[in-house]
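Colleague: Sequence:
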Amino acid sequence: MRRVGLLLDVENISDIVQLSRDAEAAGFDSVWTTELYRTSFQQLSLAISATQNIKLGTAVTLAFTRSPLITSLTALDVDEISSGRLILGLGSGAKRTNENFHGITFGKPVSRIKECIDLIRMITSSSKKDKPVSYTGEYYNVNLRGFNRPFDPYREQIPIYLAGIGRKMTQAAAEVADGYIGHVVCSLKYIKDVLSYGLKEGLEKAGKDSKDFQTTTLICTAVSRNKKDAIRAAKGTIAFYSVVRTYQPPFVLHGFEKETQKIREAYFKNDISAMFEGVTDEMVNAFAVVGDVAEVRKKIDEYRDYIDLPILSAPHYFMDFEEVRQYQNNILEAFGN
335 MRRVGLLLDV ENISDIVQLS RDAEAAGFDS VWTTELYRTS FQQLSLAISA
385 TQNIKLGTAV TLAFTRSPLI TSLTALDVDE ISSGRLILGL GSGAKRTNEN
435 FHGITFGKPV SRIKECIDLI RMITSSSKKD KPVSYTGEYY NVNLRGFNRP
485 FDPYREQIPI YLAGIGRKMT QAAAEVADGY IGHVVCSLKY IKDVLSYGLK
535 EGLEKAGKDS KDFQTTTLIC TAVSRNKKDA IRAAKGTIAF YSVVRTYQPP
585 FVLHGFEKET QKIREAYFKN DISAMFEGVT DEMVNAFAVV GDVAEVRKKI
635 DEYRDYIDLP ILSAPHYFMD FEEVRQYQNN ILEAFGN
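Remember, our numbering sits 334 above the position in the sequence shown when you count from 1.
The set of hints was computed from the structure by calculation and includes no laboratory data.
In this text, a Cβ means the ideal position worked out from N, Cα and C, and glycines have one as well.
Just so you know, not all the hints are guaranteed correct.
In the EDC-like style, the derived pairs of lysine to aspartate or glutamate whose C-alpha atoms are separated by at most 16 Å in a straight line are [claimed, not checked]:
1. Lys-561 <-> Glu-657
2. Lys-502 <-> Glu-449
3. Lys-463 <-> Glu-433
4. Lys-534 <-> Asp-639
5. Lys-502 <-> Asp-527
DEER-style ranges, computed between Cβ atoms [said to hold, decoys possible]:
6. Ile-347 <-> Leu-407: 21 to 27 Å
7. Arg-579 <-> Ile-404: 24 to 30 Å
8. Ile-404 <-> Leu-370: 29 to 35 Å
9. Glu-667 <-> Asn-387: 40 to 46 Å
10. Gly-441 <-> Arg-501: 15 to 21 Å
The task is simple: from the sequences and hints, build the whole structure.
Modeller: The following block contains the structure:
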């Protein structure tokens, strides 16, 4: 079986236990949690209890809404509980999310995320070494003199993946992180025409070998013998993200500016039906993988020319969660061993 990950998205948080268990039984490489309506680490704690070997990733943990110290300590704890299975996926989040939802200043996200990752690495690697951490930057001024964690870390180096859409953030991922996570609207064309160049630039700037760097991306995946239903399901996810300005570059690349404007207008009118209608079949073809098992496997393999690990996400926005779970089961059956 070729490596594949699964995004965990459930109605009841306790359902993560069974879904994670099913993913491990199917031979999946990893399961991943998001952070919007739930917290990433708490979801992973349930996946840990249900599994033994599958990798556990956050896609993503919001980097700026916690202090680097709290992020580091939480990551160390989760890594220890899971016996070294954590992949710490970080993301800046959107400006509006940070400032309106969390009440924090966003700043220059690329500069800030580099400082954040640098500081997290310093804290996790110096754990129980009686080596004080002192850091002075544009966004973080931290002095941990006198703070000596009295526990051995399970791993001093926890892999950090960085999410991004823009070329500068993508380049930053290749420079300072161990891996990259593409957003669900990072189409195959966007990966080829934009992201691959940003990653190449970042690796070259850092003097890193691509073999030592992992590229992943979330992919909206609807497996169904009824392609019409699969297309309809995928439209909800595309509609949801098309209204967020941070995620506009892939839509612009494909020439979907007029479509996204209509969807945004429908969103502000709370007209969900019009949002679905605004997503064309061409948009679904660009931003999702839909169809029967053979079609979906073939399309996912096309991504593998540019990424190391596809992380499959069942469509879930504006849908009944029983239907979401069916699409998750279809993914497990289509890609399981």
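Colleague: Look at each hint and say if it fits the structure.
Modeller: Here's how the hints hold up against the structure:
Between Lys-561 and Glu-657 the alpha-carbon distance is near 15 Å, which keeps this suggested pair within the 16 Å criterion. This hinted pair checks out: Lys-502 and Glu-449 have alpha carbons roughly 15 Å apart, not beyond 16 Å. This hinted pair does not check out: Lys-463 and Glu-433 have alpha carbons roughly 36 Å apart, beyond 16 Å. A distance of roughly 14 Å separates the Cα atoms of Lys-534 and Asp-639; the hinted pair therefore holds under the 16 Å criterion.
Restraint check for Lys-502 and Asp-527: satisfied, since their Cα atoms lie roughly 14 Å apart, inside the 16 Å limit. Range check, Ile-347 to Leu-407: Cβ separation about 22 Å, and the 21 to 27 Å hint holds. About 29 Å separates the C-beta atoms of Arg-579 and Ile-404, a value consistent with the hinted range of 24 to 30 Å. For the pair Ile-404 and Leu-370, the beta carbons lie near 19 Å from each other, so the given range of 29 to 35 Å is not met.
Taken as a hint, the range 40 to 46 Å is violated for the pair Glu-667 and Asn-387, whose Cβ atoms sit roughly 20 Å apart. Between Gly-441 and Arg-501 the CB atoms are about 19 Å apart, so this pair conforms to the stated range of 15 to 21 Å.
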